[in-house]
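Chemist: Each chain, letter by letter, is given below.
There are 2 protein chains.
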Amino acid sequence: MAHAPASITKLFGTRLPIIQAGMVWVSGGKLAAAASNAGALGLIGAGSMKPDLLKHHIEKAKSLTSKTSVPFGINIPLLYSAAEEQIKVALDAGVRIFFTSAGSPKKLTPFLKSHGCTVVHVTSTPDLAKKCEDAGCDAVVAEGFEAGGHNGRDEITTLVLIPQVVDAVKIPVIAAGGIGDGRAIAACMALGAAGVQIGTRFAATVESSAHANFKQAITEAKPDSTFLMMKQLVPVRLLKNQFFDEIRAMEERGASKEEINAHLGKGRAKAGMLDGDLANGELEIGQICSAVRDVPTCAELVTRLEKEYAAAVNHLQPKL
Amino acid sequence: MAHAPASITKLFGTRLPIIQAGMVWVSGGKLAAAASNAGALGLIGAGSMKPDLLKHHIEKAKSLTSKTSVPFGINIPLLYSAAEEQIKVALDAGVRIFFTSAGSPKKLTPFLKSHGCTVVHVTSTPDLAKKCEDAGCDAVVAEGFEAGGHNGRDEITTLVLIPQVVDAVKIPVIAAGGIGDGRAIAACMALGAAGVQIGTRFAATVESSAHANFKQAITEAKPDSTFLMMKQLVPVRLLKNQFFDEIRAMEERGASKEEINAHLGKGRAKAGMLDGDLANGELEIGQICSAVRDVPTCAELVTRLEKEYAAAVNHLQPKL
Chain P
27 MAHAPASITK LFGTRLPIIQ AGMVWVSGGK LAAAASNAGA LGLIGAGSMK PDLLKHHIEK
87 AKSLTSKTSV PFGINIPLLY SAAEEQIKVA LDAGVRIFFT SAGSPKKLTP FLKSHGCTVV
147 HVTSTPDLAK KCEDAGCDAV VAEGFEAGGH NGRDEITTLV LIPQVVDAVK IPVIAAGGIG
207 DGRAIAACMA LGAAGVQIGT RFAATVESSA HANFKQAITE AKPDSTFLMM KQLVPVRLLK
267 NQFFDEIRAM EERGASKEEI NAHLGKGRAK AGMLDGDLAN GELEIGQICS AVRDVPTCAE
327 LVTRLEKEYA AAVNHLQPKL
Chain W
27 MAHAPASITK LFGTRLPIIQ AGMVWVSGGK LAAAASNAGA LGLIGAGSMK PDLLKHHIEK
87 AKSLTSKTSV PFGINIPLLY SAAEEQIKVA LDAGVRIFFT SAGSPKKLTP FLKSHGCTVV
147 HVTSTPDLAK KCEDAGCDAV VAEGFEAGGH NGRDEITTLV LIPQVVDAVK IPVIAAGGIG
207 DGRAIAACMA LGAAGVQIGT RFAATVESSA HANFKQAITE AKPDSTFLMM KQLVPVRLLK
267 NQFFDEIRAM EERGASKEEI NAHLGKGRAK AGMLDGDLAN GELEIGQICS AVRDVPTCAE
327 LVTRLEKEYA AAVNHLQPKL
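Chains as they are written, first to last, in our numbering: chain P, 27 to 346; chain W, 27 to 346.
Honestly, the hints are just simulated from the structure, not real lab data.
A hint or two may mislead.
To be verified - Cβ pair distances, simulated, as ranges:
id, chain 1, residue 1, chain 2, residue 2, range
1, W, E111, P, G302, 53 to 59 angstroms
2, P, L117, W, A128, 54 to 60 angstroms
3, P, L117, W, Q343, 31 to 37 angstroms
4, P, E110, W, V232, 53 to 59 angstroms
5, W, Q258, P, K114, 58 to 64 angstroms
6, P, N239, W, P322, 41 to 47 angstroms
On a predicted model such as this, the values are computed, not experimentally measured, just so you know.
No residue lacks a Cβ here, since even glycine has one placed at the ideal position from N, Cα and C.
Just chain P, with the same shape it has in the complex:
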């Protein structure tokens, strides 16, 4: 069912129903704190962090947000081997907002709820959204095909997914995938979402940990600059580059899963997104990158999103 944005701002204690997505190599404590300080909910992307590094980023976010006690959370892909240890570290450090993904919502939701946490699971289908609700999640992120990074196998787009998830569950739905400006926020709210999760647009902010080369590549991207790849492994949306071309050539000649996995190797995402190797790195980014043309601060970005949202809603006529 459709919920008002207040269901999201109340759930997280934020000023706005906007979540800055947890992104590997991009959203550390600095970005999460900046997004939270701007009125959104900042998320530390724990997927690329060993427990000690996660602890460091949590402490950084705490120090950067302490004056105003604004909330932040962490995103943990449950399939990562360190997931349970990451959760322990985060709980010990006082984190009480968890976004989980890439795994069953049944796995850790009851445990986190028993520790007084707010738990949100990421889903790419209405059926999984229902399972999240049954597992006790407080909300779901429904993420469409246009989203960056790892992606669902059914290729359901945000426009198609959101209304069906809204109709499938009673908990609030947070829309994700393809949201780069206030017009898209208004669109998702019209579909019945109570809030939005934004990744790519936050990846190209001053406070993002993305390498300057990667930020520049985002601002120069074209509508056809990303593609969903490596469907034999886990589908992932990437910015096209030399590495992308190599994988595509392998896929076209019918390379096996093992060959592709071997060429992928280890550390590709870090090399591209954090270290700025635009040729050999794996550059996870959403399709909306082609609408990202600058690198503002989080505060500037959030102010802009608010203005664009209000203008988009104001432009709508009450009747068709």
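With chain P held as given, fit chain W onto it using these hints.
Modeler: Same frame as chain P, but now just chain W:
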């Protein structure tokens, strides 16, 4: 730039900024007339018709709409060999609204404009939208990855595509792909579209020419029931069935373009969509089919869309 819905209703002389998409084997004169009589712009899908049959459907639509003089148009894929003859037949029969697709907008737009026609071209990228504008089109349909039937190669979703097309051109933008209810219409308007083109939802109406078996299959579809296939030929979104599985198996074993084309053969779409062979037919349909649960009349559907749109806009808060 964003235009008001009035730019669309004025352009076509309709009550509503809704276009019923021209669909092969589904949208004949009966559906176009019913959609137009309900206040939308009905389109006859000429792609599956020889010129004589097109003439028959135009006369049928004229006879079914004559009492109220409501407008209707035709959709012509320019790559079809009979396209120019179809246009001649339509012009002779008095049609003055043309939606063209699958070809260059430069090809026939000046000719049609010189005959006093309103011309709209279908595009799946902002760049092609600009070319449509330059060619003299009155509006563009911007159609996303979730749309049924033939599809762009860049897999840009409606949510990502619409704002970028709106920013790229000065003519009105009609959003298409993934629009099944009034919430999605409101969403597309929030993105800056002046109107919407709806296919799949109109395919499952009483007046659609789709076979009853196909209509029933649409109402039973699940979110993962469609997929974009045959990318070696022209990408096409199909409902999964035995034929789909056969093509997928061929693609997975690396079959050549020629092999796939041979298995596709002739008449697959007619067999499935018009004659109701759900096993061996090619069933072109949009991803939003999983939200289509009934077969209303066009009048019932349009009334519902209007109510849903108003409720969705009413639900939006003016500020984030």
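Chemist: If a hint holds in the structure, say so; if it doesn't, say that too.
Modeler: Tested hints:
1. Distance hint check for W:E111 and P:G302: the Cβ-Cβ separation is about 56 angstroms, which falls inside the suggested range of 53 to 59 angstroms.
2. For the pair P:L117 and W:A128, the beta carbons lie near 56 angstroms from each other, so the given range of 54 to 60 angstroms is met.
3. Between P:L117 and W:Q343 the beta carbons are some 34 angstroms apart, a value that agrees with the proposed interval 31 to 37 angstroms.
4. At about 55 angstroms, the beta-carbon gap between P:E110 and W:V232 stays in the expected band of 53 to 59 angstroms.
5. Distance hint for W:Q258 and P:K114: a CB-CB separation of about 49 angstroms, inconsistent with the stated range 58 to 64 angstroms.
6. Checking the proposed 41 to 47 angstroms range against P:N239 and W:P322 shows it is violated: the Cβ atoms sit about 53 angstroms from each other.
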